[in-house]
Amino acid sequence: MRRRKTAGDASESPIDLTPMLDIVFIMLIFFIVTATFIREPGIKVTRPETETQQPVKNIAILVAVDAESRIFIDGDEVDPRSLRASIDRLRTENPKGDVVIQADEAADVGVTIQVMETAKAAGAPSVHIATQDD
Amino acid sequence: MSRRRRSAGGDESPIDLTPMLDIVFIMLIFFIVTATFVREVGIDVDGPAPDSSDTVSADKPILLRVDGQDRIYVGVAPDDRLITVSAVRANVERLLGENPKSPVIIQSDPRASTGIAVRVLDQVKAAKPRGGVTFLAARGAAS
Chain U
1 MRRRKTAGDA
11 SESPIDLTPM
21 LDIVFIMLIF
31 FIVTATFIRE
41 PGIKVTRPET
51 ETQQPVKNIA
61 ILVAVDAESR
71 IFIDGDEVDP
81 RSLRASIDRL
91 RTENPKGDVV
101 IQADEAADVG
111 VTIQVMETAK
121 AAGAPSVHIA
131 TQDD
Chain Y
135 MSRRRRSAGG
145 DESPIDLTPM
155 LDIVFIMLIF
165 FIVTATFVRE
175 VGIDVDGPAP
185 DSSDTVSADK
195 PILLRVDGQD
205 RIYVGVAPDD
215 RLITVSAVRA
225 NVERLLGENP
235 KSPVIIQSDP
245 RASTGIAVRV
255 LDQVKAAKPR
265 GGVTFLAARG
275 AAS
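Residue numbers (this note's numbering), protein chains in the order written: chain U, 1 to 134; chain Y, 135 to 277.
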């Protein structure tokens, strides 16, 4: 029994690592390419409770409206007048995803609907209002 | 200059690939781990295409109004009736029974709370109106 391997070889393994490296690179590139970075509003809201809710499949943009009807995108408060600009900016990053409005139960529905209509006007494929997940 | 390396590259590269493999694995694990799937459940608010909002539609719409104090009215004033959230579905189903293709319009006062308006929308959707649902905000005449 001839042994070509030395017992304690540390740096150079005689096993050819190239195929594994190939696979790992391909996986890495896959994850890098499919990673869409969704900017979360970063505030906690009490979502309304509903019965006909469905999971939203293709989320791209999250806008939050808190109990005082302030609008939050990407952690910052957004003035209603610059809402359209903010949504347009987010849509250039993720053009094909839906908009989800995380509106607090106590928020004024006028503001929620304003966000909804702005999102639709900005060309979002579909707009949803987030509800309690039971 | 004694060269111990063979110049022809065969299957075994003389360059040690271990550090690169380390970095690549770490990057891969980073991406796999930070791929948190943002999960939201919600209700869809974009109704049918805007061409259904033309008033030449022969079906008389079912009108639900939410006022600034979160009171819900069904019907057109002066025939409107005050109802509770839990009665919305039954009312809409009854009105849809009379005319299944009526579109439902939920008109909320901008000062109404989102929670009530969304629950009304939810109940209306549970009644599955074939004419679609329109969710809008407008200052009503009476509040």
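Treat the hints with care, since some could be wrong.
Stated by the list, open to error - One-sided and incomplete, this derived list gives chain Y residues near chain U with beta-carbon spacing under 8 angstroms:
(1) I166
(2) A169
(3) D180
(4) N225
(5) L230
(6) A260
As the list claims (entries may be wrong) - Cut-off 30 angstroms, straight-line C-alpha distance, at most; resulting in silico cross-link-like pairs (DSBU-like, lysine-lysine):
(7) K120/U - K57/U
(8) K44/U - K96/U
(9) K235/Y - K44/U
(10) K194/Y - K120/U
(11) K96/U - K194/Y
(12) K262/Y - K235/Y
(13) K194/Y - K44/U
(14) K44/U - K120/U
(15) K96/U - K120/U
(16) K262/Y - K194/Y
(17) K194/Y - K57/U
(18) K44/U - K57/U
(19) K57/U - K262/Y
(20) K235/Y - K194/Y
(21) K57/U - K96/U
Note that these hints are calculated values from the structure, not bench results.
Positions of the beta carbon are idealized from the N, C-alpha and C atoms, including for glycine.
Going through the hints against the structure:
Against a cut-off of 8 angstroms between C-beta atoms, the interface hint on I166/Y holds, since the closest Cβ of chain U lies about 6 angstroms away. Interface restraint check: A169/Y against chain U, minimum CB-CB distance 7 angstroms, threshold 8 angstroms, status holds. A distance limit of 8 angstroms between C-beta atoms decides the matter here; for D180/Y the minimum to chain U is near 5 angstroms, and the interface restraint holds. About 16 angstroms separates the beta-carbon of N225/Y from the nearest beta-carbon of chain U, more than 8 angstroms, and the hint is not met.
At a threshold of 8 angstroms, the smallest CB-CB gap from L230/Y to chain U is about 15 angstroms, leaving the interface hint violated. Given the 8 angstroms rule on beta carbons, the hint for A260/Y holds: about 5 angstroms separates it from the nearest Cβ of chain U. Restraint check: the Cα-Cα separation between K120/U and K57/U comes to about 17 angstroms, which is no more than 30 angstroms; the hinted pair holds. At roughly 26 angstroms between alpha-carbon atoms, K44/U and K96/U fall within 30 angstroms of each other, so this suggested pair holds.
Restraint check: the Cα-Cα separation between K235/Y and K44/U comes to about 39 angstroms, which exceeds 30 angstroms; the hinted pair is violated. A distance of roughly 26 angstroms separates the Cα atoms of K194/Y and K120/U; the hinted pair therefore holds under the 30 angstroms criterion. Proximity of K96/U to K194/Y is assessed by CA-CA distance (about 35 angstroms); at most 30 angstroms being required, the pair is judged violated. Proposed proximity of K262/Y and K235/Y is supported: the alpha carbons are some 10 angstroms apart, at most 30 angstroms.
For the hint pairing K194/Y with K44/U, the CA-to-CA distance comes to about 40 angstroms; that exceeds 30 angstroms, so the pair is violated. The hinted pair formed by K44/U and K120/U meets the criterion: a straight-line CA distance of about 24 angstroms does not exceed 30 angstroms. Restraint check for K96/U and K120/U: the C-alpha separation of about 13 angstroms stays at or below 30 angstroms, so the hint holds. As the CA atoms of K262/Y and K194/Y are separated by approximately 16 angstroms, the hinted pair is consistent with the 30 angstroms bound.
Distance restraint check for K194/Y and K57/U: the Cα-Cα separation of roughly 34 angstroms exceeds the 30 angstroms cut-off, and the hinted pair is therefore not satisfied. Simply put, K44/U and K57/U have alpha-carbon atoms about 21 angstroms apart, close enough for the 30 angstroms limit, and the pair holds. For the hint pairing K57/U with K262/Y, the CA-to-CA distance comes to about 21 angstroms; that is within 30 angstroms, so the pair holds. Distance restraint check for K235/Y and K194/Y: the Cα-Cα separation of roughly 9 angstroms lies within the 30 angstroms cut-off, and the hinted pair is therefore satisfied.
Restraint check: the Cα-Cα separation between K57/U and K96/U comes to about 12 angstroms, which is no more than 30 angstroms; the hinted pair holds.
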